[in-house]
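Chemist: Next come the chains, spelled out residue by residue.
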Amino acid sequence: MVSDKGATMEIETFYEVMRRQGITRRSFLKFCSLTAASLGLAPGFAPKIAHAMETKPRTPVIWLHGLECTCCSESFIRSAHPLTKDVVLSMLSLDYDDTLMAAAGYQAEEIIADIRKKYKGNFILAVEGNPPLNEDGMYCIHGGRPFVEVLKETAADAKAIISWGSCASWGCVQAAKPNPTRATPVHKVITDKPIIKVPGCPPIAEVMTAVITYMLTFDRIPELDRQGRPKMFYGQRIHDKCYRRAHFDAGQFVEHWDDDAARKGYCLYKMGCKGPTTYNACSTVRWNDGVSFPIQSGHGCIGCSEDGFWDKGGFYNRVTGIHQFGIEANADKVGETVAGVTGVAIAAHAAASALSRARHKDQNKEGN
Amino acid sequence: MIVKTMDETAAGATVYVYEAPVRLWHWISALCIVVLAITGYFIASPLPSVSGEASEHFLMGYIRFAHFAAAYIFAVGFVARIYWAMVGNKNARQLFVPPPVFNLDWWAGMFHELRWYLFLEKEPRKYVGHNPLALLFMFIAITLGGLFMIVTGFALYGEGAQGWSHALFSSWVIPLFGQSQDVHTWHHMVAWGIVWFIMLHVYAAIREDIMSPQTMVSAIISGYRSFR
Numbered sequence: 001m002v003s004d005k006g007a008t009m010e011i012e013t014f015y016e017v018m019r020r021q022g023i024t025r026r027s028f029l030k031f032c033s034l035t036a037a038s039l040g041l042a043p044g045f046a047p048k049i050a051h052a053m054e055t056k057p058r059t060p061v062i063w064l065h066g067l068e069c070t071c072c073s074e075s076f077i078r079s080a081h082p083l084t085k086d087v088v089l090s091m092l093s094l095d096y097d098d099t100l101m102a103a104a105g106y107q108a109e110e111i112i113a114d115i116r117k118k119y120k121g122n123f124i125l126a127v128e129g130n131p132p133l134n135e136d137g138m139y140c141i142h143g144g145r146p147f148v149e150v151l152k153e154t155a156a157d158a159k160a161i162i163s164w165g166s167c168a169s170w171g172c173v174q175a176a177k178p179n180p181t182r183a184t185p186v187h188k189v190i191t192d193k194p195i196i197k198v199p200g201c202p203p204i205a206e207v208m209t210a211v212i213t214y215m216l217t218f219d220r221i222p223e224l225d226r227q228g229r230p231k232m233f234y235g236q237r238i239h240d241k242c243y244r245r246a247h248f249d250a251g252q253f254v255e256h257w258d259d260d261a262a263r264k265g266y267c268l269y270k271m272g273c274k275g276p277t278t279y280n281a282c283s284t285v286r287w288n289d290g291v292s293f294p295i296q297s298g299h300g301c302i303g304c305s306e307d308g309f310w311d312k313g314g315f316y317n318r319v320t321g322i323h324q325f326g327i328e329a330n331a332d333k334v335g336e337t338v339a340g341v342t343g344v345a346i347a348a349h350a351a352a353s354a355l356s357r358a359r360h361k362d363q364n365k366e367g368n
Numbered sequence: 369m370i371v372k373t374m375d376e377t378a379a380g381a382t383v384y385v386y387e388a389p390v391r392l393w394h395w396i397s398a399l400c401i402v403v404l405a406i407t408g409y410f411i412a413s414p415l416p417s418v419s420g421e422a423s424e425h426f427l428m429g430y431i432r433f434a435h436f437a438a439a440y441i442f443a444v445g446f447v448a449r450i451y452w453a454m455v456g457n458k459n460a461r462q463l464f465v466p467p468p469v470f471n472l473d474w475w476a477g478m479f480h481e482l483r484w485y486l487f488l489e490k491e492p493r494k495y496v497g498h499n500p501l502a503l504l505f506m507f508i509a510i511t512l513g514g515l516f517m518i519v520t521g522f523a524l525y526g527e528g529a530q531g532w533s534h535a536l537f538s539s540w541v542i543p544l545f546g547q548s549q550d551v552h553t554w555h556h557m558v559a560w561g562i563v564w565f566i567m568l569h570v571y572a573a574i575r576e577d578i579m580s581p582q583t584m585v586s587a588i589i590s591g592y593r594s595f596r
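Chains as they are written, first to last, in the working numbering: chain A, 1 to 368; chain B, 369 to 596.
No lab work stands behind these hints: they were computed from the structure. As the structure is a prediction and not an experimental result, all values here were calculated from the model. C-beta: ideal position from N, C-alpha, C; glycine also. One or more hints might be untrue.
[As the list claims (entries may be wrong)] Just some of the chain A residues that point at chain B, by a computed CB distance under 8 angstroms: (1) Thr181; (2) Lys241; (3) Tyr243; (4) Ala246; (5) His256; (6) Tyr269; (7) Lys274; (8) Ala331; (9) Asp332; (10) Ala339; (11) Ala350; (12) Ser353; (13) Ser356.
[What the hints assert, rightly or not] Pair by pair, the computed Cβ-Cβ distance ranges are: (14) B:Ala437 to A:Tyr243: 19 to 29 angstroms; (15) A:Arg357 to B:Ala437: 39 to 49 angstroms; (16) A:Arg145 to B:Ile508: 47 to 57 angstroms; (17) A:Gln107 to B:Ala529: 47 to 57 angstroms; (18) A:Arg226 to B:Gly591: 42 to 52 angstroms; (19) B:Gly546 to A:Ala329: 17 to 27 angstroms; (20) B:Leu482 to A:Gly343: 17 to 27 angstroms; (21) B:Ile450 to A:Ala351: 34 to 44 angstroms; (22) B:Phe479 to A:Ala352: 14 to 24 angstroms; (23) A:Ala329 to B:Leu427: 25 to 35 angstroms.
Model the full assembly from the supplied sequences, consistent with the hints where possible.
Modeler: Listed below in structure tokens is the structure:
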């Protein structure tokens, strides 16, 4: 009981943490209104955010890394609205992130144990990368143990899980065929906790910070679609908000990478752009503080936030491959072949029918 | 019950098989499928680029409009046809009842038909409605294939249009396939399957009109099938 009381005493509100970090009240209020704006909320929400942050105990976040390339972290630290320093130093109590934290070794691992004890059922677990399950998870070792064990253990005490990036959400490149390590997305390993998928390779920095800010401020999970992605960022396709959409509707396409159409900035549909099949906010939020995004730089979208995008045939084909047939084939090739063969077969069959009929008639005549 | 066996209809008889709504549906759907197949092909593999300002053209827009408009007509027709299957005569029902795969007579009829197409039988059997082989093909290509195309088609349509088609189709079809690209690929594949079916369908109808003892082409125009 005593220790419990001690624990609650130690838990600070966001505001207290911010003030301790030397942030003035004025800056704090500015931050609240900026956050409200970046989340697309009405101005009236800024005081609500401020109130929440003044009164609510801060929610710690544990950020674990499984099989991944750290591109999610790289993206995250480049967030401009809100700035990552604001998120990390004031908003988010990122208590454990082995690539960002100063602590290492036993000291670092102790932090996980501490948070699990102190904030049982009240912390957010952010997972970057995924656990490989083959060979008892030996393909990814975290602090001397298989990552899958650490993940399961930590997740058991978490309030909710954020699956950062396509690795955690779908499996990404390490789960691409033939997936030798049996890399498995988080939601297939942890089935009893709410999971927010933030796919992308990497996800957009502002999307990452906004999702985490939303969860910490409102103390609830943003509205998700059926595949577990926040609707506010994954509700529409790249294609729906693409600034080159007018060229698509007009029928103006890039045919080769070096043609005039490419220089004029026509639609990249024929170059295999996956914008029409990819749910993400790239064409609205863009990247690097809104500077650009793949299509704006002249390359089609590769669909990195979609399930299994590595295994869906070429990045440069509109009609993509079908692997079930064992060979590289696309729907048009299969279709044209079948239609062609059928056409020839029909012609041959018609000829045979005519012959057979003629012979039949002759026989009938002879019989008569 | 549904599949009439041979010789039930005497030579020279004329039977009213396809009621007006069935015939109308057949020809409207046929036209829709032609439009859908052609526009669908050009949606997947667009025509060469047009030059000039984007604001002066709407080529892809019109192609997609034709595809969506024809799809709506096809879908509404499909629903209306299901209604007619319930209120129409027994030949109208044939297409919407799964082939009687546990009926040995039906299988015998199908093999007879297959042998007829392989020139191993001198005479095909007579049927008032569809023969078992035709019924199997039509059930797979038009009933199941058409339904598949309507469901996946509206799922793809709902991705852009949002609204009811998103709520009713996209919201569960896209997750079912995993992602949108796969839905595109399957929609495309089945479209080729239907093209393949139509080639066979048209050929078989004309061939049987000439070679079998019953009329085919005139039956779907006038509704009456004559036996000779």
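Chemist: Evaluate each hint against the coordinates.
Modeler: Hint check results:
no.: 1; hint: Thr181; verdict: 21 angstroms, violated
no.: 2; hint: Lys241; verdict: 11 angstroms, violated
no.: 3; hint: Tyr243; verdict: 11 angstroms, violated
no.: 4; hint: Ala246; verdict: 4 angstroms, holds
no.: 5; hint: His256; verdict: 11 angstroms, violated
no.: 6; hint: Tyr269; verdict: 7 angstroms, holds
no.: 7; hint: Lys274; verdict: 7 angstroms, holds
no.: 8; hint: Ala331; verdict: 4 angstroms, holds
no.: 9; hint: Asp332; verdict: 7 angstroms, holds
no.: 10; hint: Ala339; verdict: 6 angstroms, holds
no.: 11; hint: Ala350; verdict: 7 angstroms, holds
no.: 12; hint: Ser353; verdict: 6 angstroms, holds
no.: 13; hint: Ser356; verdict: 5 angstroms, holds
no.: 14; hint: B:Ala437 to A:Tyr243: 19 to 29 angstroms; verdict: 27 angstroms, holds
no.: 15; hint: A:Arg357 to B:Ala437: 39 to 49 angstroms; verdict: 43 angstroms, holds
no.: 16; hint: A:Arg145 to B:Ile508: 47 to 57 angstroms; verdict: 53 angstroms, holds
no.: 17; hint: A:Gln107 to B:Ala529: 47 to 57 angstroms; verdict: 55 angstroms, holds
no.: 18; hint: A:Arg226 to B:Gly591: 42 to 52 angstroms; verdict: 46 angstroms, holds
no.: 19; hint: B:Gly546 to A:Ala329: 17 to 27 angstroms; verdict: 19 angstroms, holds
no.: 20; hint: B:Leu482 to A:Gly343: 17 to 27 angstroms; verdict: 20 angstroms, holds
no.: 21; hint: B:Ile450 to A:Ala351: 34 to 44 angstroms; verdict: 39 angstroms, holds
no.: 22; hint: B:Phe479 to A:Ala352: 14 to 24 angstroms; verdict: 19 angstroms, holds
no.: 23; hint: A:Ala329 to B:Leu427: 25 to 35 angstroms; verdict: 29 angstroms, holds
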